[in-house]
Every structure is written in C-alpha cells, then in structure tokens.
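Engineer: The primary structure of each chain is shown beneath.
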Amino acid sequence: MVVCLIYKIYTILIEAGVPESIYGVSNMYLIVTNNQLCLGKYGAQIKMEYLEEGSYLDVLLKVRDYLHLGWKLETHPMTGSLKPNQTPYKSIMISNNPLDQEEFYSQEITISNGIAACRKFQSIRKTPDWPEHLLEDFRIVDLSLIEGAIQRIL
Amino acid sequence: MKLELGIIPISDIQFGPESKVENGTIYVNAEELKALILEDEALQSVELDIARPGESVRIMPVKDVIEPRVKVSGEGAMFPGVISKVATVGSGRTNVLRGSAVVTTGKIVGFQEGIIDMTGEGAKYTPFSQLNNLVVVCEPVDGLAKHAHEKAVRLAGLKTADYIGKLAKNIEAEEIETYETVSVKEGLQRWPDLPRVAYVLMLQSQGLLHDTYVYGVDAKQSLTTVIMPTEIMDGAILSGNCVSACDKNTTYHHLNNPVIKDLFAQHGKTLNFVGVIITNENVYLADKMRSSDWTAKLCDWLGLDGAIVSQEGFGNPDTDLIMNCKKIEAKGVKTVIITDEYAGRDGASQSLADADAAATAVVTGGNANEVIHLPKLDKVIGYPEVADIIAGGFDGSLQADGSIIAELQVITGATNEMGFNTLSAR
Chain L
1 MVVCLIYKIY
11 TILIEAGVPE
21 SIYGVSNMYL
31 IVTNNQLCLG
41 KYGAQIKMEY
51 LEEGSYLDVL
61 LKVRDYLHLG
71 WKLETHPMTG
81 SLKPNQTPYK
91 SIMISNNPLD
101 QEEFYSQEIT
111 ISNGIAACRK
121 FQSIRKTPDW
131 PEHLLEDFRI
141 VDLSLIEGAI
151 QRIL
Chain X
1 MKLELGIIPI
11 SDIQFGPESK
21 VENGTIYVNA
31 EELKALILED
41 EALQSVELDI
51 ARPGESVRIM
61 PVKDVIEPRV
71 KVSGEGAMFP
81 GVISKVATVG
91 SGRTNVLRGS
101 AVVTTGKIVG
111 FQEGIIDMTG
121 EGAKYTPFSQ
131 LNNLVVVCEP
141 VDGLAKHAHE
151 KAVRLAGLKT
161 ADYIGKLAKN
171 IEAEEIETYE
181 TVSVKEGLQR
191 WPDLPRVAYV
201 LMLQSQGLLH
211 DTYVYGVDAK
221 QSLTTVIMPT
231 EIMDGAILSG
241 NCVSACDKNT
251 TYHHLNNPVI
261 KDLFAQHGKT
271 LNFVGVIITN
281 ENVYLADKMR
291 SSDWTAKLCD
301 WLGLDGAIVS
311 QEGFGNPDTD
321 LIMNCKKIEA
331 KGVKTVIITD
341 EYAGRDGASQ
351 SLADADAAAT
361 AVVTGGNANE
371 VIHLPKLDKV
381 IGYPEVADII
391 AGGFDGSLQA
401 DGSIIAELQV
411 ITGATNEMGF
421 NTLSAR
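Chains as they are written, first to last, in the working numbering: chain L, 1 to 154; chain X, 1 to 426.
Just so you know, the hints here were simulated from the structure itself, not pulled from any lab data. Treat the hints with care, as some may be off.
[What the hints assert, rightly or not] Below, computed lysine-lysine pairings styled on DSS-like, alpha-carbon distance capped at 30 Å:
id	chain 1	residue 1	chain 2	residue 2
1	X	124	L	126
2	X	124	L	120
3	X	146	X	169
Kindly produce the complete structure, drawing on both the sequences and the hints.
Structural biologist: Pasting the structure below:
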C-alpha cells in the first residue's frame, strides 16, 4: 500500500516535469528536440522529449518551461551559427543536476535571450518552407552540434 | 620566437604548361594540380578557375580562403599537423604570395551561403574581391558522408595553397616584415613601463561545419592554451568553419590576423604584446565555464594589463565572449571585445545574444542584417543553383533583372569579428 502510494507520487511528479533530483533520483539527462535524426540515433540511450511538429521556437519555449520547474541547461540554446530563421531544427540538453540561485538566474537570461533572438529573426523573415533534401542537411548539422554534448554523458 | 615574412606581390594568376611564379604572376599547370587534389579518393572530380579583381564574377558558396605561403627557413612547414608533419612553426622565414588566394567551393550541404563578388556592390564588402583567386571546385564521390565531404574540400584547399606556395620557395622577396615575441622574462626587462597586452582569440568549435584545427587538433577537444602569434602566421590554425559567411574566420584571416598585426605595430612602443591565448566555443555549457575560467587564469598569470578578445560566429559564442570578458575583467585586466551585430535590418534591435556590465569596450564589425543589392554578374564559379536558395531563402530575394537583394550576412568576411573588413561608421 505504502509502496503504491510512493510510486503514484513519483508518477505525478515526473508527469508534472519536476526534476527527479528533487525527490531523490539523481543525474538524469533529457534532450528536447524536434529533430527526428537525433531521436532515431540516441532515443534509446537518452531520455528525449520529441516535439514532432514543433518549431525551433517551440523547443526553446519547452526548455524554458523545464527551467522554471528546476531543470538545468546543459547545452547552449543557440548552438551553431545557423540563424533561427534559417534552420528549423534545434536540440537542447537539460538535466536534473543541482542548480544554485545565481546559475538559475543566469540560465533564465540565456534562454530568454535565445527566445528573443529567435522571435527577432522570425519577425525579419520567417523560416522558408525548405525542400526535403535541405531539411535533411539541417537535421545532420543539428545532430552534429548536439552530439558533442551527448558524447560527454554516454 | 622570430619570424620574417618575405612578401612577394602577385598581380595575376594564369594557367600554363608549367607551374611557376614569375614577375608577379602565378602560372598553374591545371592538370598537374588536379591530379594532386584527386589523390584524395573522397573526391570524384575537381575544377579550377581564376577570378581576378574587377571581373564580372561571383564565387559561391565559398568554404575557405587560404593565402599561399611557404617556409623558406626555420622549423617545420606550412599547415603543420595537417599538410606537413607536426613541428613547431613560427620562426625563420616564410614567403608570402601577397595579393593571391586559394578559394574552395563545394556544396557540402544544400543551404550554404558565402559569396565573393569580384566587382560591383558586393565586392566592396569582401576583402577577397581585391585578390587574384584560384578557385577550387570540388565534387565528391557518390554517397560521401557530410563530415568526410567537408574534410575533403578543406584538404583540397590546403593542398592547393601548399602547392602554389612551394612555387615561391626560392624567389627573392620584395619586402621583409619581421615579427618577434620574446619570453615573459625578457619582455618585463625590456619594457618595464609599458602595459602588458595579450590577444584572446576565440575559435569556432561546435561540430560539423563549425570547427577549427590547431596543429591538426580539433579545437573543441582542447583546453585554453597559449600560442605564439608567428605560429598562427605559419598556418598553425586552420578553418573548418563553413557557416555564417560574414563572420567566420577563414584560414586567410588566421594567417593575416589584423589584431595580431596591429598589436605588433605597437609592440615596444605603446604596449608590450605578450602573446596569444586561444580558447574554444563549445556547445556544452560546462565547457564554456571551463574554457573561460582558463582564459581568465592565463590572463592573470601572464600579469596582463589589457586583453583584446575576438569571437567567431553567431549566437552562442556571444555567451563565451561575455563569459571571457566578465572573468578577465574580474581579474583586474582591462578588456576590449570585438564582435559583430545582428541588430535587425534597421539596426535598432539588441545586437548580441548576451551582455554584461563588464563589457564596457566593444568594437563591432558591422550589422549583418543590413540589406544590400547585388547586381547580376556575367559568370558564377561554383554552384549557381545556390543563388536560388539564397535568393529564395531566408535572407534574400531574387529580382526580375537577376540581381539579388540580400542581407550582408551572405558575403564572405563582410562583418568579420577580427576587424578584417572595411565597414566603418566614419
């Protein structure tokens, strides 16, 4: 009965997005991505939140929401020199590693700046409706950028 | 460490039966050079072309620009760890074919920008329009992976520059430039009253099409370290960065780094140029913390009074730049940062993705969102279809007369963050 209750509480916390470090499970990494190549290559090894129909901005907003729940940025949200109205893909790694107040404020600014920059570029010109062969190239570059970080934790 | 650069002015490049440098002209036996490049099994074919200043020619998409040089004396050879064996370069004499460059183009990914116009409005924005360019157009074997394709194009450019450079090994230079970095101890003794200044050179190091190599080592795998400025003049740092044309540092930029040149010009007069600290721009936030910690630590350890920091690329390097600035300033070292801006087409938006109150001295290479009008040119070297992607894509539009309205960011070197460009508010 007690075990069932604890399990139920865990389930509710996980579904609410509260990082597991807060209730005892440590060192979990999560990748928020809209890039199916990233999901396909590493989905079995790392926990992923795959935003199938999500945009670059949707990934940033989802990561911001996670930060507000106590998660920590592990990779920079503006990886790569491709502009936010050029590539449609973005993969960002977050974790439940502990975060002090100063780090939280710093990360909050980082993600907010990323969102602001993305909105600025989208207001200049929307991301084009690229043909499939270009989309594949953008996916390959995005995967390469996040792979540098993935290899650190595997 | 002391290096002499023997300057050999070049006023033309031509194809001919024998590869040689004579009376300021580079003659290239195209078949011989192609055979050398095609020793790489990753390449199916290669075409060579020449673009001279003032010609109605557009080169696109540009991957790298390399100045041909050759070691005449001193340890090692050009591009150590990649083209020549690992050996410490930066001393002795190096001949420079000034006024010429090797430009590589290849369609590694479909979306790439990177334009050099040899005439017209676009030519004003790229320093490479003033050079005699030998253009190498590489076609890979079928099914080659992107990483291998990028490497093959990069090596083709370096091999070509090495081949051309070696033609000038026994030519007497018209002018000699001398650069010397002394030991920390000697510097303190010779210029006890001059401010000690170092240059912090940030290297792009994020992944495919975003990498830089130091003596052949991928910069993302390295910790922040010290390098002599003359080693960089001998090709110790090579570009593998193909994205964000306007603010990427090509190999040509590294060889001719204007911050290094200007610091040497003041060396022993108004300041003591102590050396160069190289640091990376990785995607992993812990790496950014570690690298900027080390940068500040080295600035402190070198007893600096001032540091100049240049960044490379768009977006997250702004965070590395600000971290470096903040931490170096916190050590009591006055810091100037060099960047460029994405401030919107009217220049009114926030320019960088990061900021801090410690960044009180900032030099900008210009606003990459600024709109320019590129005329239709007679000839395109490289991949003309890329024009449609740029024109129809995120940063430009194709006009009925064939001209292109585009943002400055498509022009190679237009807003370079070492300051190797001509944009000015003056």
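Engineer: Each of the hints needs a verdict: does it hold here or not?
Structural biologist: Tested hints:
Taking the CA atoms of residue 124 of chain X and residue 126 of chain L, the gap is about 28 Å. The hint holds against a cut of 30 Å. A hinted pair counts as satisfied when its Cα atoms are at most 30 Å apart, and residue 124 of chain X with residue 120 of chain L qualifies at roughly 27 Å. For a cut-off of 30 Å, the pair hint linking residue 146 of chain X to residue 169 of chain X is broken: about 35 Å separates their Cα positions.
Checked against the numbered hints given earlier, this structure breaks only hint 3.
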